[in-house]
Each structure stands twice: as structure tokens, then as C-alpha cells.
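K.L.:
Residues per chain are reported as follows:
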Amino acid sequence: MSPLFLFLSFVALLSALGVVLAKNPVHSVLFLILTFFTLSGHYLLLNAQFLAAVNIIVYAGAIMVLFLFVIMFLNLNEETEPHKPALAKFAAAIAGGSLLLILVAALRNVSPAGYDPANFDSQIGMVDKLGMVLFRDYALPFELASILLLAAMVGSVMLGKRETGERNF
Amino acid sequence: MTLPALGWQGLVVLATFGISLLIATYCTYAERVIAAFLQDRVGPDRAGPFGLLQPLADAVKLFTKEEFFPAGANRALFVFGPCLAMITALMSSAVIPFGGFLQFGDTQIHLQGIEINVGMLYVFGIVSLGVYGIMIGGWASNNKFSLLGAIRAASQNISYELAMGLALIAVLMMSGTLSLREITLQQTHVGGGWHLSDIFTWNVFKQPLGFVIFIVCAFAETNRTPFDLPECETELIGGYHTEYSSMKMGLYLFAEYVNVFVATAVMSVLYFGGFNYPFQYEFLDFLTNKTSLSADWAHNIFVLMGVVAMFAKIFTGIFFFMWVRWTLPRFRYDQLMRLGWTILIPLAIFNILLTGGLITFGVIQ
Numbered sequence: 001m002s003p004l005f006l007f008l009s010f011v012a013l014l015s016a017l018g019v020v021l022a023k024n025p026v027h028s029v030l031f032l033i034l035t036f037f038t039l040s041g042h043y044l045l046l047n048a049q050f051l052a053a054v055n056i057i058v059y060a061g062a063i064m065v066l067f068l069f070v071i072m073f074l075n076l077n078e079e080t081e082p083h084k085p086a087l088a089k090f091a092a093a094i095a096g097g098s099l100l101l102i103l104v105a106a107l108r109n110v111s112p113a114g115y116d117p118a119n120f121d122s123q124i125g126m127v128d129k130l131g132m133v134l135f136r137d138y139a140l141p142f143e144l145a146s147i148l149l150l151a152a153m154v155g156s157v158m159l160g161k162r163e164t165g166e167r168n169f
Numbered sequence: 170m171t172l173p174a175l176g177w178q179g180l181v182v183l184a185t186f187g188i189s190l191l192i193a194t195y196c197t198y199a200e201r202v203i204a205a206f207l208q209d210r211v212g213p214d215r216a217g218p219f220g221l222l223q224p225l226a227d228a229v230k231l232f233t234k235e236e237f238f239p240a241g242a243n244r245a246l247f248v249f250g251p252c253l254a255m256i257t258a259l260m261s262s263a264v265i266p267f268g269g270f271l272q273f274g275d276t277q278i279h280l281q282g283i284e285i286n287v288g289m290l291y292v293f294g295i296v297s298l299g300v301y302g303i304m305i306g307g308w309a310s311n312n313k314f315s316l317l318g319a320i321r322a323a324s325q326n327i328s329y330e331l332a333m334g335l336a337l338i339a340v341l342m343m344s345g346t347l348s349l350r351e352i353t354l355q356q357t358h359v360g361g362g363w364h365l366s367d368i369f370t371w372n373v374f375k376q377p378l379g380f381v382i383f384i385v386c387a388f389a390e391t392n393r394t395p396f397d398l399p400e401c402e403t404e405l406i407g408g409y410h411t412e413y414s415s416m417k418m419g420l421y422l423f424a425e426y427v428n429v430f431v432a433t434a435v436m437s438v439l440y441f442g443g444f445n446y447p448f449q450y451e452f453l454d455f456l457t458n459k460t461s462l463s464a465d466w467a468h469n470i471f472v473l474m475g476v477v478a479m480f481a482k483i484f485t486g487i488f489f490f491m492w493v494r495w496t497l498p499r500f501r502y503d504q505l506m507r508l509g510w511t512i513l514i515p516l517a518i519f520n521i522l523l524t525g526g527l528i529t530f531g532v533i534q
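So the sequence lines, in the order shown, correspond to chains A and B.
Heads up: the first sequence begins at 1 in the working numbering, then just goes up one per residue.
Heads up: the second sequence begins at 170 in the working numbering, then just goes up one per residue.
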């Protein structure tokens with residue numbers, strides 16, 4: 001394990017904890033952006049440059065901007081945060097703890113599959129290789145996923161559209 | 170790559186960093202001189218010859234002004250906002266190829282910070298992060314005008330990033346690569362032929378519609394007039410930097426000029442042939458065969474002329490940005506959104522279809 005990998009993992013875990021533990025939602029969003037950056041760093045270590053760049057563009061650059069946008073509009077902060085009853089907190093702790101237990105139990109005996117150094121193609125994460133695989137071997141799933149996204153987009157436009165006669169603020 | 174070569178590349182990165190800062194500094198001067206020229210005034214001419222020391226005087230003024238923190242502001246994020254704006258602005262110039270490579274014996278120095286095969290996506294990713302500096306600063310100010318400016322910046326950047334990305338796809342369809350160096354090298358004829366065709370290999374002649382879309386989006390992404398809605402002073406006092414003073418304000422202004430520099434540099438690379446210039450191979454031929462220079466030095470002078478050409482294109486672009494700023498009035502916010510979503514994006518998709526059709530029928534390659 002390279003020091004870079006350890007450092008990235010450390011920052012990733014720390015910022016992921018920050019997302020959950022931060023009181024201020026804006027701080028949570030910023031920690032989440034940092035988490036995406038460390039994930040992109042991991043992609044770079046795996047020589048998947050395209051995935052790293054797209055992760056930054058789509059998640060850090062677009063989706064999180066919208067998150068921040070909405071949170072700024074809602075003006076959430078510590079004073080207006082609803083206080084949940086102790087029972088709900090207790091139930092949440094139990095549910096989260098059992099999920100952690102299951103994950104640890106499931107992954108305890110797994111050994112990494114490893115790779116065959118003789119046949120391993122270090123260029124597999126490059127954009128041209130990825131494009132070839134995506135548009136030749138997985139063309140149908142790719143197109144289906146794009147139709148799914150299109151349907152979601154049309155649906156959200158329909159929901160947000162004003163009915164005729166509705167007032168324009 | 171050996172370690173000495175990495176050392177040289179490190180120096181190139183540092184030089185790129187310094188040049189970005191220097192150009193941003195003198196952009197503040199150029200902006201005022203060009204404004205004065207366009208409005209038939211004299212402009213700054215007191216500090217040094219032709220007022221050339223004006224940026225220094227401005228810096229001293231900004232550094233010595235009072236540091237102000239508004240009541241109820243989130244102090245950490247209030248400081249973090251301008252820093253982030255500056256960091257993201259400076260990061261993107263690292264992958265821009267300013268020239269070919271210099272040859273000293275066995276050592277080759279590429280005049281580009283780092284060459285990565287997804288260079289275009291890298292620039293695009295960093296540019297899309299640029300809005301965080303504005304959003305965080307505007308929100309942390311605890312001022313409704315700042316918040317409105319921040320929210321405008323966010324929606325404006327997201328809207329225009331889409332059209333910009335679609336305009337880029339048409340270029341990438343022709344080039345078949347995301348590497349900025351490769352894209353530059355494709356925009357030239359190797360060898361003889363009709364000399365003037367050196368210019369017509371530039372992408373701007375193959376992608377005129379894409380270029381227009383790209384430059385409009387570049388104006389919006391750098392928050393320059395006519396799209397400077399986030400700091401629209403007639404409605405929002407100063408927009409996202411209303412509460413900022415001293416050098417924190419300076420960093421925001423600086424980041425804008427660094428962004429303009431990077432945007433024009435990317436535009437030169439993508440559409441204007443980067444470090445290629447007309448008659449370059451005739452020039453190289455002349456240097457090699459008609460002068461007594463060694464082969465290395467003939468090559469180096471040829472490359473340095475390319476750097477000069479690249480910066481000439483960049484400065485022309487920066488002048489164009491400033492020219493537009495003092496010519497066009499600001500858009501209204503609904504006009505901005507309508508332009509982005511209902512005109513630029515459909516046009517960009519049409520451009521992709523057109524490019525795809527032309528490539529399929531072999532009109533362009």
C-alpha cells in the first residue's frame with residue numbers, strides 16, 4: 001500500500017465522517033465534495049483518468065452545486081434543525097450498527113481477487129478503451145440507461161411545469 | 170520519465186503559475202487602459218511610465234485596507250471562499266500547452282505543465298469547480314444580496330456549462346482525442362503545400378458555430394459582462410463580494426482575470442491552432458538550412474516563435490473580452506437563462522449532428 005493510497009483513504013474516511021457529523025448542512029456538502037475529490041484520487045491511482053475527471057465534473061461540479069444551491073435556499077442551520085426524539089436516535093443507532101455488523105461479517109473472509117500481471121492491460125481505464133467497451137459490448141445497457149435518464153428528466157420538467165392559469169409569482 | 174526531466178517540468182509548472190499571476194495583474198491595468206481608450210479618456214498614467222506601476226499601487230492599497238468581517242458571517246468559510254476562487258482559477262492553466270518542446274542536447278523540456286490524455290476534461294472539471302468560491306463566499310457573508318449573487322452564479326454556471334460541453338463535443342468528434350497537445354498538433358499541415366492553408370487548418374474554420382457557442386459560454390463562465398449577473402451592481406450592490414474588502418476582495422477580482430486568461434488560452438488551443446503559426450515550417454526550414462545555427466537552436470527558435478504566437482492569440486482574446494465589456498450592456502436575468510437553455514443548447518446539439526453528418530459523408534475529418 002503506497003503512502004498516497006493511505007493518505008487518500010485517511011482523508012476520504014475523515015471527510016465522509018465529517019459529512020455525517022457536521023451540524024451545519026453547508027459544511028456537510030463541502031465535506032462531501034472533499035470526499036468526491038479523494039475518490040477521484042483513488043481512480044487516478046488505478047490509472048482511470050477518464051473516470052476521475054468525469055467524477056469531478058458530474059458529482060463535484062454539477063450535482064453538488066445543485067445540492068449547495070438548494071441548501072442555501074432552504075436556509076437550514078443549527079437553530080432551525082428539528083430535534084428528533086431520543087427513541088428515534090436510539091433506533092437509528094441500532095439500525096446503523098446492525099448494518100455495519102452485516103457488512104463486516106460479509107467482508108471478513110473475502111480475499112482480494114488480484115490480477116494476472118502477464119495479461120493485465122494498464123491502459124484499460126483510458127478513455128478510448130472505455131468508449132470501445134461501452135459502445136460495443138454494452139451498447140444496449142448504455143442506451144437503456146440514457147433513456148431512463150431522459151424519462152426522469154421529462155418527468156421532473158412535467159412536475160415543475162406550471163398549469164395554465166397558475167400564477168407566476 | 171527520469172527525475173531531472175520531472176524537475177524541469179516542475180519549473181515549467183511554476184513558470185505557468187507565475188505567468189498566470191503576472192498576466193492577471195496586468196489585466197487590471199489593461200482593463201482600465203482599454204476602458205479609457207474606448208471612452209476617449211486618458212486612463213491611469215500617474216504611477217510610473219504610462220501608469221505601468223498602477224497594479225503595484227493597487228496591490229498596496231488592497232493590502233493596507235481594513236479587513237472587515239460582517240456580523241453573523243461564517244468566518245472560516247468567509248475566508249475560504251476567495252481562496253477557493255483563486256485556487257481553482259490557477260489550477261487549470263497547468264495542462265495548457267504553450268509551445269512544443271525545447272531541445273538541449275538530450276534533454277527535452279515540454280512547454281506545458283503536465284500532459285495528461287484527458288486534458289480537456291481536466292480543464293472542464295476545474296472550471297466547473299470555480300463556482301464554489303463564489304457560492305461559498307456569497308453564502309458566508311450573511312447578506313441577502315451576496316446570497317442572491319451566489320445563487321445567480323450557481324445557476325448561470327450550470328446552465329452555460331452544458332452548452333459549453335456540447336460545443337466541445339463537436340471539436341472532440343473531429344480530433345478524436347481529449348489531449349490539448351494532440352488537438353493543437355492536429356491543427357497544422359506537416360510539410361509543404363499551399364502556405365496560407367496553415368491558417369485554414371484551425372478548428373475555428375471547421376467549427377464556426379461551435380466556436381460562437383463556446384465563446385458566449387466562456388463569457389458566462391468567467392462572469393464577464395454582458396453576463397456578470399452575479400455581481401450586477403444595479404440590482405445587487407456588488408453581488409457575491411458585497412461584504413468583501415481588502416485583499417479578499419482583491420483575490421476575487423484576480424481570480425476573474427486568471428479565469429479570463431485560462432479561457433482565452435483554452436480557446437486559442439481548441440479553435441485557433443494553439444502554438445501553430447502561418448509559414449512555420451518554411452521558417453524552420455529557413456533556420457535550419459539558410460543560417461549557421463545548430464539543429465537544436467534552429468528548433469528552439471522555431472518553438473519559441475510558437476510560444477510568441479500562442480501569447481499573441483491569448484492577448485488578442487483578452488483584448489476581445491475587455492472590448493466586449495465596454496461595448497455591450499448587461500443582460501437581464503431571464504434573458505440570460507433563455508439564451509442558455511433555449512438557444513445555445515439546441516444550437517450546440519444541432520452542431521453535433523451537423524459535425525457527425527459531415528464526418529460520416531467525409532466532408533471533414
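The set of hints was computed from the structure by calculation and includes no laboratory data.
Note that the structure is a prediction, hence the values are computed from the model and not measured.
Take the hints with a grain of salt, since some may be wrong.
Derived CB-CB ranges, DEER-like [claimed, not checked]:
1. B:Leu-180 x A:Leu-66: 33 to 41 angstroms
2. A:Ser-146 x B:Ala-245: 34 to 42 angstroms
3. B:Cys-252 x A:Lys-84: 43 to 51 angstroms
4. B:Lys-313 x A:Ile-102: 22 to 30 angstroms
5. A:Pro-117 x B:Leu-180: 32 to 40 angstroms
6. B:Glu-236 x A:Lys-89: 40 to 48 angstroms
7. B:Ala-245 x A:Lys-84: 22 to 30 angstroms
8. A:Glu-163 x B:Arg-244: 41 to 49 angstroms
9. A:Leu-14 x B:Ala-228: 32 to 40 angstroms
10. A:His-27 x B:Ile-283: 30 to 38 angstroms
11. A:Asn-24 x B:Ile-283: 32 to 40 angstroms
Where is the CB? At the ideal position from N, CA and C, for every residue including glycine.
K.L.:
Please flag the earlier hints that this structure goes against, numbers listed from lowest up.
P.N.:
Violated hints (numbers, rising): 3 and 4; every other hint is consistent with the structure.
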